[in-house]
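Let the sequences and hints guide you as you build the complete structure.
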Amino acid sequence: MRKTFALAGAGAAAAALVFAGPVSAATQPSISASPNPFYPGDTLTLTAKGCTTAPQLQSDSGLFVSPPQFRGQPTTWIAQGKTRSNLTPGKTYVAKWTCQIEGGSAVLSLTTTPGKRPDRPTPTPTPTRPTFSFGYDDVQLSTRRVVPGGSTTFTVTCPTSVTITGNGFTQSPLKVTKIGENKWRATGVFKKNLPNPTTATVICKGHGSVKYTTNPDKGDNNNMKPKPSTKIPTGPINTGDGTLYMAEKNGSAMPLAAAGAGAALAAGLGAVVLRRRMVRGRS
Amino acid sequence: MAGRFAAAVGRRALGAATGVLLTASLLTACGSEDKDAAPAGPSSSAPAADSQDTTQAAGVVPLGESKPTRIAIPKIGVSAPVEGVGLLPNGRVEEPPLSRPNLAGWYSEGVTPGEAGPAVILGHVDANKKPAVFYRLKELTKGDKIQITREDGSTVTFAVTELKRVDKNAFPHQQVFGEQLDHAALRLVTCGGAFDPQSGHYKDNLIVYATMVAA
Chain A
1 MRKTFALAGA GAAAAALVFA GPVSAATQPS ISASPNPFYP GDTLTLTAKG CTTAPQLQSD
61 SGLFVSPPQF RGQPTTWIAQ GKTRSNLTPG KTYVAKWTCQ IEGGSAVLSL TTTPGKRPDR
121 PTPTPTPTRP TFSFGYDDVQ LSTRRVVPGG STTFTVTCPT SVTITGNGFT QSPLKVTKIG
181 ENKWRATGVF KKNLPNPTTA TVICKGHGSV KYTTNPDKGD NNNMKPKPST KIPTGPINTG
241 DGTLYMAEKN GSAMPLAAAG AGAALAAGLG AVVLRRRMVR GRS
Chain B
284 MAGRFAAAVG RRALGAATGV LLTASLLTAC GSEDKDAAPA GPSSSAPAAD SQDTTQAAGV
344 VPLGESKPTR IAIPKIGVSA PVEGVGLLPN GRVEEPPLSR PNLAGWYSEG VTPGEAGPAV
404 ILGHVDANKK PAVFYRLKEL TKGDKIQITR EDGSTVTFAV TELKRVDKNA FPHQQVFGEQ
464 LDHAALRLVT CGGAFDPQSG HYKDNLIVYA TMVAA
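Protein chains in written order, with this note's numbering: chain A, 1 to 283; chain B, 284 to 498.
Please keep in mind that the hints were generated in silico from the structure rather than gathered at the bench.
Where hints are given, some of them may not hold.
Using 25 Å as the maximum straight-line C-alpha spacing, the simulated SDA-like pairs for lysine to any residue come out as follows [what the hints assert, rightly or not]:
no., chain 1, residue 1, chain 2, residue 2
1, A, K249, B, E377
2, A, K249, B, G476
3, B, K486, A, G251
4, A, K96, A, R71
5, B, K350, A, P228
6, A, K225, B, Q457
7, A, K205, B, L464
8, A, K227, B, E462
9, A, K183, B, L464
10, A, K231, B, K350
11, A, K231, B, E378
12, B, K486, A, M246
13, B, K447, A, M246
14, A, K227, B, Q463
15, A, K227, B, S391
16, A, K218, B, D479
17, B, K428, B, G461
Have a look at this one:
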């Protein structure tokens, strides 16, 4: 006699049993699977209880890559079963095992429905701090007016460190003090006699520099203004007429000069030898 | 006695002959309209150890503005006057005149040597069949020193950090002339590579990069 019992199956995996022969309530076999729910390609852990022998796979409707091998001892058996990765989510797959139980045999039935693997969430990009770019906006002057003996205070925003130099200050570089996070301050006192042009350069370490300039002699109200950025030339830079290159290539000027020099040296030595002989003859 | 006298005369004669020859060689190799010594021969090379000095740019505070007046590069025997060169109407940088081969040209639209930023000095490699001021620039190696004398009387020392030979038609103008720097740097530019008789110009430029190490 075979009996089939519907067992409690949670979610996507449910089990049913078919018994052959009388079965007591205490020995009712069962099979369960985890995780539940599962997704195509997952490995299921199967637990069969109540069987006196290891369950043997009868059919699985293509659920597993290979038949799970149960290990254990009466009456608890465990197996790992890797499911196929090409299972269709939402489709029902039934796997059946047979095993011996007290007083007969039983068929263990596992009904499963793989779920659809959720899409991987798009990783949230890590917010990056904008690269600091040092410019005139990062420098404030208490006054731009350059007056002999006067002073001006620089307040600078810079994440690293600041150096301020100038040809019109009594002290250069200026003493710079940190007054807060990324904030720096320095005061420059102008000389009594100012050079033309009078310049001041503010350097933010690792981020560049800005330069102010004024020409006290040119009547520009002695106001320090940002110096225009360097005009970048274009086109080729031709520094050489190639005449020496061509002369050397053609085998010429320098070797000839060297040969001339060698000849002159030989003549000089000849004169010395002759002179020595003459002296020897005299003595 | 007479023999000793004769030997002395012989040594003097040999010395005189050698001196004449050296003078002749210098005139042949380094003729220049400037009174300054033109590039000297290999005998003027600095000791090898000099070129192994490390570059120590850190901690050197840039100076204020002051125009350069002279350039000296002991290792390659350069001692030359420096004058400003500007920008031509066609956007190209003015080059020192070939008639003054020992003159170096400082690009006056940029910063002065010693100020924060890249100061640029140009010089000819050859002119009128003679070596010009930067003829031996290619012999420089990392750590070699370059000294710039300025109008305010200060002398700024730079150390070579890199040499680059670039195709003249791919010259990195922005990097050489306009790079944003937090320190004082110097770039020396001359011609290099093969000479193209068709165009009448060298095919490449040689760029020497240096940073200030002392002032």
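Structure-based check of all given hints:
Restraint check: the Cα-Cα separation between K249 of chain A and E377 of chain B comes to about 28 Å, which exceeds 25 Å; the hinted pair is violated. Distance restraint check for K249 of chain A and G476 of chain B: the Cα-Cα separation of roughly 13 Å lies within the 25 Å cut-off, and the hinted pair is therefore satisfied. For a cut-off of 25 Å, the pair hint linking K486 of chain B to G251 of chain A stands: about 21 Å separates their Cα positions. Between K96 of chain A and R71 of chain A, the direct Cα distance comes to roughly 17 Å. Compliance with the 25 Å bound is thereby established for this hinted pair.
Distance restraint check for K350 of chain B and P228 of chain A: the Cα-Cα separation of roughly 18 Å lies within the 25 Å cut-off, and the hinted pair is therefore satisfied. Restraint check: the Cα-Cα separation between K225 of chain A and Q457 of chain B comes to about 23 Å, which is no more than 25 Å; the hinted pair holds. Taking the CA atoms of K205 of chain A and L464 of chain B, the gap is about 9 Å. The hint holds against a cut of 25 Å. The suggested pairing of K227 of chain A with E462 of chain B holds, with an alpha-carbon distance near 15 Å, which does not exceed 25 Å.
Restraint check: the Cα-Cα separation between K183 of chain A and L464 of chain B comes to about 20 Å, which is no more than 25 Å; the hinted pair holds. A C-alpha spacing of about 17 Å is found between K231 of chain A and K350 of chain B, which places the hinted pair at or below 25 Å, so the restraint holds. Restraint check for K231 of chain A and E378 of chain B: the C-alpha separation of about 16 Å stays at or below 25 Å, so the hint holds. With a C-alpha separation of about 14 Å, the suggested pair K486 of chain B and M246 of chain A falls inside the 25 Å cut-off, and the hint holds.
A C-alpha spacing of about 23 Å is found between K447 of chain B and M246 of chain A, which places the hinted pair at or below 25 Å, so the restraint holds. Between K227 of chain A and Q463 of chain B the alpha-carbon distance is near 14 Å, which keeps this suggested pair within the 25 Å criterion. Taking the CA atoms of K227 of chain A and S391 of chain B, the gap is near 13 Å; set against the 25 Å cutoff, the hint holds. Taking the CA atoms of K218 of chain A and D479 of chain B, the gap is about 47 Å. The hint is violated against a cut of 25 Å.
For the suggested pair K428 of chain B and G461 of chain B, the alpha carbons sit about 23 Å apart, so the restraint of at most 25 Å is met.
Going through the hint list in order, the structure does not satisfy hints 1, 16.
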